[in-house]
Amino acid sequence: MIRWNLSYLIILIFLGCQSSDSSVFELLDSKSSGITFSNTIAISDSLNALVFEYVYNGAGIGVADFDKDGLMDLFFAGNQIPSQVYLNKGSLKFEDITLKTGINTKNIWCTGVSIVDINQDSYPDIYLSVAGYSKEETRNLLYVNQGDLTFKEEAKKYGIDDPGYGTQAVFFDYDRDGDLDLYVLNNALENFNRGNIKPKVLDGSAKSNDKLYRNEGDGNYIDVTFQAGILKEGWGLGVSVSDLNGDGWPDIYVSNDFLSNDLMYINQTDGTFADEINSRVSHQTFNGMGNDVADYNNDGWTDIVVMDMLPMDNYREKMMLMPASYNQFQMSLLQGYQPQYVRNTLQLNQGGVFSEIGQLAGIAKTDWSWASLFADFDLDGNKDLFITNGYRKDVTNLDYIVYTQSESAFGTKESNKRDIISEMNNLEGVKLHNFLFQNQGDLTFRDQSLNWGLELETFSNGAVYADLDNDGDLELVTNNIDQEASLFKNNSIENSIGNSSYIRINLEGPPGNLEAIGAKIWIKTANGIQLLEKSPVRGYKSSVDPRLIFGVKRNEEIDLLLVQWPDGNYQSVDFPDLNTEILVKYQPNQSELPSIISGKGQTYFEETNIPGLDYRHVEDDFNDFEIQGALPRKFSQDGPTTSTGDLNGDGLLDIFIGGSAGLAASIYLQDQQANFHFEEFDASIPFHDASAVIMDANGDHYQDLVVASGGSQFEPGSSRYFDRLYLGNKDGGFEYDSTAFPLHPNNTSVIKAGDIDLDGDMDLIVGGGVLPGYFPLAADTYILINQSGKFSRKEIELKSIAQKIGIVRDLELSDINKDGYLDLLIAEEWGKVRIFLNHNGQLKESDFGQADLIPFGWWCSIIPGDFDQDGDEDFIIGNMGENQLFKPNRDQAAKVYYSDFDKNGTAEPIITYFNQGIEVVKMPRDLLISQIPVIKKRFPNYKSYAVASLLETFREDELSPALEKKVEYAQSIYLENLGDLNFNLVPLPIEAQFSPILDGEVIDVNQDGYLDLVYVGNDYGMEVQSGRQDASLGGVLMFDPNMGFKFLSSFKSGLTINGNVKSINKIKLASGDEVFFNVLNRDKALIYKSK
1 MIRWNLSYLI
11 ILIFLGCQSS
21 DSSVFELLDS
31 KSSGITFSNT
41 IAISDSLNAL
51 VFEYVYNGAG
61 IGVADFDKDG
71 LMDLFFAGNQ
81 IPSQVYLNKG
91 SLKFEDITLK
101 TGINTKNIWC
111 TGVSIVDINQ
121 DSYPDIYLSV
131 AGYSKEETRN
141 LLYVNQGDLT
151 FKEEAKKYGI
161 DDPGYGTQAV
171 FFDYDRDGDL
181 DLYVLNNALE
191 NFNRGNIKPK
201 VLDGSAKSND
211 KLYRNEGDGN
221 YIDVTFQAGI
231 LKEGWGLGVS
241 VSDLNGDGWP
251 DIYVSNDFLS
261 NDLMYINQTD
271 GTFADEINSR
281 VSHQTFNGMG
291 NDVADYNNDG
301 WTDIVVMDML
311 PMDNYREKMM
321 LMPASYNQFQ
331 MSLLQGYQPQ
341 YVRNTLQLNQ
351 GGVFSEIGQL
361 AGIAKTDWSW
371 ASLFADFDLD
381 GNKDLFITNG
391 YRKDVTNLDY
401 IVYTQSESAF
411 GTKESNKRDI
421 ISEMNNLEGV
431 KLHNFLFQNQ
441 GDLTFRDQSL
451 NWGLELETFS
461 NGAVYADLDN
471 DGDLELVTNN
481 IDQEASLFKN
491 NSIENSIGNS
501 SYIRINLEGP
511 PGNLEAIGAK
521 IWIKTANGIQ
531 LLEKSPVRGY
541 KSSVDPRLIF
551 GVKRNEEIDL
561 LLVQWPDGNY
571 QSVDFPDLNT
581 EILVKYQPNQ
591 SELPSIISGK
601 GQTYFEETNI
611 PGLDYRHVED
621 DFNDFEIQGA
631 LPRKFSQDGP
641 TTSTGDLNGD
651 GLLDIFIGGS
661 AGLAASIYLQ
671 DQQANFHFEE
681 FDASIPFHDA
691 SAVIMDANGD
701 HYQDLVVASG
711 GSQFEPGSSR
721 YFDRLYLGNK
731 DGGFEYDSTA
741 FPLHPNNTSV
751 IKAGDIDLDG
761 DMDLIVGGGV
771 LPGYFPLAAD
781 TYILINQSGK
791 FSRKEIELKS
801 IAQKIGIVRD
811 LELSDINKDG
821 YLDLLIAEEW
831 GKVRIFLNHN
841 GQLKESDFGQ
851 ADLIPFGWWC
861 SIIPGDFDQD
871 GDEDFIIGNM
881 GENQLFKPNR
891 DQAAKVYYSD
901 FDKNGTAEPI
911 ITYFNQGIEV
921 VKMPRDLLIS
931 QIPVIKKRFP
941 NYKSYAVASL
951 LETFREDELS
961 PALEKKVEYA
971 QSIYLENLGD
981 LNFNLVPLPI
991 EAQFSPILDG
1001 EVIDVNQDGY
1011 LDLVYVGNDY
1021 GMEVQSGRQD
1031 ASLGGVLMFD
1041 PNMGFKFLSS
1051 FKSGLTINGN
1061 VKSINKIKLA
1071 SGDEVFFNVL
1081 NRDKALIYKS
1091 K
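Quick note: the sequence shown uses UniProt numbering, first residue 1, plus one each step.
Worth flagging that the hints you see were computed from the coordinates, not collected in a lab.
There's no promise every hint is true.
[Stated by the list, open to error] Distance ranges between label pairs, derived from CB positions:
#	residue 1	residue 2	range
1	Gly662	Val947	45 to 53 Å
2	Asn555	Asp1040	25 to 33 Å
3	Leu514	Asp1040	22 to 30 Å
4	Lys1084	Asp121	15 to 23 Å
[Stated by the list, open to error] Below are the DSS-like pairs computed for lysine-lysine, each with C-alpha atoms no more than 27 Å apart in a straight line:
#	residue 1	residue 2
5	Lys413	Lys431
6	Lys804	Lys1068
7	Lys431	Lys31
8	Lys106	Lys31
9	Lys1068	Lys1052
10	Lys431	Lys524
11	Lys524	Lys600
12	Lys106	Lys93
None of the values given here were measured: they were computed from a predicted structure.
Quick reminder that beta carbons are idealized off the backbone N, C-alpha and C, glycines included.
Go ahead and model the full structure; you've got the sequences and the hints to work with.
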């Protein structure tokens, strides 16, 4: 019996390995498939990337069953070459039937392919977007299927021969009147640099303005662009239609190239659209290319992925990217542009408001990318992500760009152009394999490109997925430049050996929209709920298989299948057998969406307003990067600080909000009606208030105000870094006591109060911030001992003088070892979480019970609470989170080396990280040269720098004297106190890793007797190339003693605290209610209350 079990186990292991190791995809050559289409581009002196910058942007593919034989056929759009039609003969064999069809696009630069049944005869037709360098050739085409595999061009007849520079088009029923309307995505060739900052065109007059055509129901379309509100310019490269805000109406997402922002046209349900991207998305992709919209995390909300061109490897990145200019970035914001960054973006939909988590998810860097397609390729119930990339000539090569600039300075215009074109023709192409990321089911993806059989290097643009052999899994097809199209057979069904199943669904809508474009389908299994929307136009210039395929894991059954038709009606469908195709005809039988699908229920919080408490933070911008160009982030933008207490002795909680440099602080006094009254606190005007404490410093029973001075706007040693004590009086006023503190200017980041020496009064712990102009050096951290309202400095005892306390972001006083004395925890940025035990009033550094328990990190907050109800304080320790470039670990740390590398009397910080296992300098070459000019001799061109590792950039003898700071860990954590200085480190849920956790309040949200966490935090001060940390909408972590912390989504909690949030304060009102006062940098405060 034991032998049988062992044999059975071995078989299971073998089968499991076979399933995971076998290539999911198999490349079929043209001899096997019969597909020989190649989008060949013939370059000449009059047609090249210099005169036509979109010459290598490629074309798309369309999938449709043109002859209604049950097999999906393929249409390939061609740029210079004629488009081609391939009839599916079965068994993944295709026949080129282009000549028979009558479709002839010779000398027409076709781009996008949209499949639609324009005349509702049940035969799919083809709408082609047209562009090109010649303006006479840009009218879009409509080939109407005659039912016999011939087509007739009738775009003008229908009124949709749009003359713009067409990229793609999408048919959808935007007004829910039962027929299909048309959105045309346009671009434009301009006579100016489209990357330069300029005023936006918002009145519909731009050449690149998209078009909206309304179907009149009689075979005619009319242009309703202006009356529908489609008025914003954008050099469009991608378009998707989806219900983005969950109201049942189709919305439009447009990804735009160059400086022009993406557009999120939200359907106003009255025939108009409004671009609401600024209120729903915090930042976006810079060079927006293809996009896709789908529910990739199975929460019922559709998410958005947009492509850009950030390389994965250090060489390509250093050959492409110049230093990002802070001043230019600020200028673009002043012109009304939303922040944009050169990388793929993944916008996670959290109830109509989005968090961009592409770096956390692992898909931000895929080089020069075009199509993006969400689909469940391995049939495990989670949508994977396919991305095409490549570019025929690497025109972003910085050495080439320098050559063109220098060449244009001499000779005639004609000879310069000839030489530049010749040099461009010698450039290598960006020829790469396409990417396939497997969804891990935890918001992240794993790159399986090579493991799954996508090792072929191509210049791929448009792409589609389609079940071409009707076996239940999705094949991939790409339209390639100067190379035959690629067809990848999906072997998931064959490889799974019964582990994977599918259900394929065809929809038949009512007349007017027989294809049911815009319908939603949900299925529910024991593994959760999946959602698919029928919107075949996806990715880049392409239309995918119109049938909807769900992957279902082994031994699962479908116990709910629900359709929402485009008109808003619902239909429940009998549970189908797996591994079959079903046809669902329009027969609505339900009036509303079940709560199990909608997810609607009671939320815990709601936004509110309090009379008089209408604070908005104001701050003059300060450019830290002009002082130190290689900073990782600004240190002048961490405010405002807040503190609460009874400032006027009436028994009610009041609020102090610190002022930024040159501006007054604010005081809000509460009255008996729970209204607040504003007073300016002018004493703060010369300073930058970094932290504040309300306490009785001198024992006169009046609350005093301690205000710490910080920021980075002033020189070290400036009197503007004096911390201050303002003594309260019986009249509610405050008077500065210049003798209370030692006159020691110190850039303080945080100050907190506690009775350190147990003498009955409140002492202070002063945490030192960055030493301005000398990052990563830190100002001093020390104790201020209270002696009857006068304070004397006392040092904290360190384990080693060499281990000076670094940049302190937060500190917390707590009796950790339960001896009656307050101990100290310190969170260092680019450093450690350090513990100091109180020995009769003397704080001495100690070790945690476990050696190296907490790695070096970007630690930024400490939030205490007895979460497990065992009688001691546990701690939430905030960190930057995982949504960032570096991805450090103990073996591959991010580092700062600080030294005077060029011996000019000024030390420079050099930030490094590991890229593909090699430690490299993060800075682009030009930024490094600006810091260390002599480095230009070592690296005379960009290529020499791009190939260099850290040890090839700096010699060992140059690095060894440097001060070294490091980060090994980026996750925010729960530190469970086990007693005797022993702790258990538990990473917080992945949703709490979107952004830094900067502050939090501990309350029992669900009244289960256990404390939960409400947290906030974003950082808009990050250096421009890395981009803002802005993905947090605030969060609620519910604590369960058995399961730990569980994230409660914004949609379910009711809490949406987005923006540059710095702090959260629980305030008890005179009415007895509690509210949460959330303060944002340079924005209006947000107030929430419990329901």
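So, going through the hints one by one against the coordinates:
no., hint, result
1, Gly662 / Val947: 45 to 53 Å, "holds, 47 Å"
2, Asn555 / Asp1040: 25 to 33 Å, "holds, 28 Å"
3, Leu514 / Asp1040: 22 to 30 Å, "violated, 49 Å"
4, Lys1084 / Asp121: 15 to 23 Å, "violated, 55 Å"
5, Lys413 / Lys431, "violated, 31 Å"
6, Lys804 / Lys1068, "violated, 39 Å"
7, Lys431 / Lys31, "holds, 23 Å"
8, Lys106 / Lys31, "holds, 25 Å"
9, Lys1068 / Lys1052, "holds, 24 Å"
10, Lys431 / Lys524, "violated, 41 Å"
11, Lys524 / Lys600, "holds, 16 Å"
12, Lys106 / Lys93, "holds, 25 Å"
The structure fails to meet hints 3, 4, 5, 6 and 10 from the earlier list, while all remaining hints are met.
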